[in-house]
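Asks: Sequence:
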Amino acid sequence: MLLSTADMPPVLLPAHPALLPGLTVLERGPREIQIGLDPRHGVIVENLTPDLIARVRALDGSKPVERLLLAESEHRDQLRTLLRQLTALGLVTDAGRPDGPGLRGECGLWSLRARHHQAALADRRRAAAVTVHGDGRVAVAVAVLLANAGVGHVELRASGAVTEHDLGSGLTDADLGRPRRQALADLLRRVDPGVRVTRLHDRYPDVVLLTDAVVPAPEHVAELMEDGVPHLAARVRDGTGIVGPLVVPGRSSCLRCADLHRTDRDPCWPRVAGQLAGRHQRPDLGAVHACASLAVAQA
Numbered sequence: 001m002l003l004s005t006a007d008m009p010p011v012l013l014p015a016h017p018a019l020l021p022g023l024t025v026l027e028r029g030p031r032e033i034q035i036g037l038d039p040r041h042g043v044i045v046e047n048l049t050p051d052l053i054a055r056v057r058a059l060d061g062s063k064p065v066e067r068l069l070l071a072e073s074e075h076r077d078q079l080r081t082l083l084r085q086l087t088a089l090g091l092v093t094d095a096g097r098p099d100g101p102g103l104r105g106e107c108g109l110w111s112l113r114a115r116h117h118q119a120a121l122a123d124r125r126r127a128a129a130v131t132v133h134g135d136g137r138v139a140v141a142v143a144v145l146l147a148n149a150g151v152g153h154v155e156l157r158a159s160g161a162v163t164e165h166d167l168g169s170g171l172t173d174a175d176l177g178r179p180r181r182q183a184l185a186d187l188l189r190r191v192d193p194g195v196r197v198t199r200l201h202d203r204y205p206d207v208v209l210l211t212d213a214v215v216p217a218p219e220h221v222a223e224l225m226e227d228g229v230p231h232l233a234a235r236v237r238d239g240t241g242i243v244g245p246l247v248v249p250g251r252s253s254c255l256r257c258a259d260l261h262r263t264d265r266d267p268c269w270p271r272v273a274g275q276l277a278g279r280h281q282r283p284d285l286g287a288v289h290a291c292a293s294l295a296v297a298q299a
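Under our numbering, the first residue of the sequence shown carries the number 1, and numbering increases by one thereafter.
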């Protein structure tokens with residue numbers, strides 16, 4: 001996208017302007033720069049002085065917008081217009097918000113893909129509640145990624161004690177023998193001291209991740225369907241991570257639909273599925289992390 005500084009979009013300037021973490025500023029010519037690489041959101045800006053180019057490169061949120069504009073007295077109006085345009089496009093955000101640097105980084109470029117401004121995306125994540133069902137490595141990896149992404153409430157539905165087969169996706173030798181749910185709760189608090197890990201009592205989760213079990217427990221699935229709660233299965237089967245389908249009750253196909261389709265191809269599937277319900281295999285770490293990453297991105 002070719003950006004012109006001729007128009008002034010009606011947006012407020014951020015108090016401490018900063019380019020989204022991860023965006024690259026590249027020179028294309030003596031007075032021309034490119035911000036971002038993806039053609040879906042990257043822009044080209046022409047007719048900039050060397051001083052203005054330096055100002056854009058230095059947008060790290062450390063200076064108030066008033067100081068930036070005062071320092072660029074000769075081209076103040078051009079800088080103000082450019083900042084407003086980049087803010088309107090979601091390429092510049094306010095680094096003065098209370099979000100920690102880790103959360104700002106996680107919400108940075110993802111906000112462009114999600115078509116939400118970074119501040120709005122961070123607020124939505126902090127207000128979100130996600131439940132993670134599972135007693136294996138995938139559950140641990142998913143929960144850690146959710147906490148790192150800034151999800152405000154991660155409800156943990158885990159049972160039993162930590163074994164050596166749980167290690168490698170966040171838990172350590174020091175957790176061996178501890179109650180699995182407590183060990184995972186402590187891990188998430190180390191990742192983000194502000195995350196809540198208590199049981200949800202006054203609301204339904206925004207989404208439930210059904211992890212590890214090759215076939216999710218039918219009683220869990222039935223309860224989610226009855227309550228109208230969106231849910232996503234994420235598991236590893238014979239070394240291959242499988243994510244989905246994402247079920248939105250009343251709006252999408254469901255896990256029961258998937259079972260019926262599979263039964264059409266294999267009449268013995270119900271008997272096999274009954275033996276697998278609630279059971280999980282011992283997946284390798286590569287498959288665990290790939291599966292967890294895709295599941296969290298989809299959720």
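If you're looking for bench data, these hints aren't it; they were derived computationally from the structure. Note that the structure is a prediction, hence the values are computed from the model and not measured. All C-beta atoms, glycine included, are put in the ideal place defined by N, C-alpha and C. One or more hints might be untrue.
Okay, the calculated beta carbon distance ranges per label pair [to be verified]: (1) 282 <-> 250: 55 to 65 Å; (2) 167 <-> 11: 41 to 51 Å; (3) 186 <-> 62: 33 to 43 Å.
Asks: Determine for every hint whether it applies to the structure shown.
Replies: How the hints compare with the structure:
For residue 282 paired with residue 250, a C-beta distance near 36 Å fails the hint of 55 to 65 Å. At roughly 48 Å, the beta carbons of residue 167 and residue 11 sit within the given window of 41 to 51 Å. Checking the proposed 33 to 43 Å range against residue 186 and residue 62 shows it holds: the Cβ atoms sit about 34 Å from each other.
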